[in-house]
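**Q** So the chains spell out like this:
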Amino acid sequence: MNELISHIKERFPISDVVDAPGGATFITLEAAKLVPLITSLKTNHGFSVLVIFTAVDWLEDGKFQLTYIVNNPKEKQDLGIRVFIDRENAEMESIHHLWHHAATFQREMKEMFGIDFPGSPGVDDPFMLEGWDNIPPMRRDFDTKKYAEETYFPRPGRGTNDPATYMKQKLYPDE
Amino acid sequence: MSEKKYTTDEKFLAPENRPHTVIGPTGEEIHVDPLNDYFCQDMPKVQSPHTGIVEKFLNWARAESLWVLAYGTGCGSIELPPLFSPRFDAYRFGVMMRPTPRQSGVIIISGYLAVKTLKRAIRSYEQMQNPKYVIALGSCTINGGMYWDSYNTINRLDHYLPVDVYIAGCMPRPEAILAGFGKLKELIKSGNAEGANQYAENLQWYKDNQHKIIKDWNMPTYNW
Numbered sequence: 001m002n003e004l005i006s007h008i009k010e011r012f013p014i015s016d017v018v019d020a021p022g023g024a025t026f027i028t029l030e031a032a033k034l035v036p037l038i039t040s041l042k043t044n045h046g047f048s049v050l051v052i053f054t055a056v057d058w059l060e061d062g063k064f065q066l067t068y069i070v071n072n073p074k075e076k077q078d079l080g081i082r083v084f085i086d087r088e089n090a091e092m093e094s095i096h097h098l099w100h101h102a103a104t105f106q107r108e109m110k111e112m113f114g115i116d117f118p119g120s121p122g123v124d125d126p127f128m129l130e131g132w133d134n135i136p137p138m139r140r141d142f143d144t145k146k147y148a149e150e151t152y153f154p155r156p157g158r159g160t161n162d163p164a165t166y167m168k169q170k171l172y173p174d175e
Numbered sequence: 176m177s178e179k180k181y182t183t184d185e186k187f188l189a190p191e192n193r194p195h196t197v198i199g200p201t202g203e204e205i206h207v208d209p210l211n212d213y214f215c216q217d218m219p220k221v222q223s224p225h226t227g228i229v230e231k232f233l234n235w236a237r238a239e240s241l242w243v244l245a246y247g248t249g250c251g252s253i254e255l256p257p258l259f260s261p262r263f264d265a266y267r268f269g270v271m272m273r274p275t276p277r278q279s280g281v282i283i284i285s286g287y288l289a290v291k292t293l294k295r296a297i298r299s300y301e302q303m304q305n306p307k308y309v310i311a312l313g314s315c316t317i318n319g320g321m322y323w324d325s326y327n328t329i330n331r332l333d334h335y336l337p338v339d340v341y342i343a344g345c346m347p348r349p350e351a352i353l354a355g356f357g358k359l360k361e362l363i364k365s366g367n368a369e370g371a372n373q374y375a376e377n378l379q380w381y382k383d384n385q386h387k388i389i390k391d392w393n394m395p396t397y398n399w
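Residue numbers (this note's numbering), protein chains in the order written: chain A, 1 to 175; chain B, 176 to 399.
These aren't lab readings, by the way, just hints derived from the structure by calculation.
Careful, some of the hints might be misleading.
Calculated pairs, SDA-like style, for lysine to any residue (alpha carbon to alpha carbon, straight line, at most 25 Å) [as the list claims (entries may be wrong)]:
| # | chain 1 | residue 1 | chain 2 | residue 2 |
| --- | --- | --- | --- | --- |
| 1 | B | Lys390 | A | Ala32 |
| 2 | A | Lys146 | B | Thr396 |
| 3 | B | Lys291 | B | Thr396 |
| 4 | B | Lys186 | A | Gly114 |
| 5 | B | Lys291 | A | Asn134 |
| 6 | A | Lys145 | B | Lys186 |
Bound conformation, chain A alone (with noise of 0.2 Å):
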């Protein structure tokens, strides 16, 4: 793995490469560069397989990470690639050429974050949400649980205790 870090340190502008643990490595950079490194990956070094491929909301520092996790089968080698794009009209390069179901995890993206990815097959389709008007629901200004109590009629009654102090109470009344 560092012979491939340092063969792709060559080439493109990478930072923080990080050893996870369970045998993946991470590695940062910038969006324009994804496309020509990924492609690289999968072409040159046996990266074959996209495991995963998701989107993080920092919304303090206004931007969305996103994380390509490579796998290459025959060296059983994980790879991470971390990319950070801007949260105001957030849009990637699709990468469904290389990989179809990529198109998929794109089109999840697109209702859920948010993130658009221009070209990328039905990515403007509803998805899992049908008809939904509001800002994407992962983000993380969305506030969930408001919605809900203004859209679906909580039944009244229903409570929260505090576990640690409510299994005093139950079980050393006394103390």
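With chain A held as given, fit chain B onto it using these hints.
**A** Below, chain B without anything else, positioned relative to chain A:
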């Protein structure tokens, strides 16, 4: 249910359900609005019971042959197959699975309902023929259960469909479901399982609630 008409945005309709023009056999153009022309526009009516012993006999017959729509939502649907296995054997109580809403009289809402699934559940329920009953399985149908603050699952089923019997639990075991069927039989025999009439009577309220959360309504107001 006549004072308020809901309008459906054309973009939600399937291509074959959008208003379009067809050319007839002699070359004339016929304008078709499938939602109005192909589907029945009538609303359900309250059916008053028969009198005396006739209604009692009918209720006995209804209670002893409950045909369940084989339709599962959420995790509760995994409790239904064992119900029809030799161990629990629901057939001995006259409970039987049917593959289509047209043949069934009971719909079991087995667990959490996403808004997307609710649309299908409403459609299936309305396609069933009277008399019809709803059994709500699991705490998700009562108050949302563990999905009470989810952006996409409903909290109370009785705001959208008329529920006859609730079976509490997360998940209820097949024994509990059998007990629920027993309760439903009692209700039917005593003439109190009037969910379909309740639905017809308060249709405006039910439709308001349904339209509040199903924003891409792409079917007729009532699916016969």
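**Q** Does each hint hold? Answer for all of them.
**A** Evaluation of the provided hints:
1. B:Lys390 <-> A:Ala32: violated, 38 Å
2. A:Lys146 <-> B:Thr396: Not OK: Lys146 (chain A) and Thr396 (chain B) at ~29 Å, beyond 25 Å, violated.
3. B:Lys291 <-> B:Thr396: holds, 17 Å
4. B:Lys186 <-> A:Gly114: Since the Cα atoms of Lys186 (chain B) and Gly114 (chain A) sit roughly 20 Å apart, the hinted pair holds (cutoff 25 Å).
5. B:Lys291 <-> A:Asn134: holds, 16 Å
6. A:Lys145 <-> B:Lys186: violated, 30 Å
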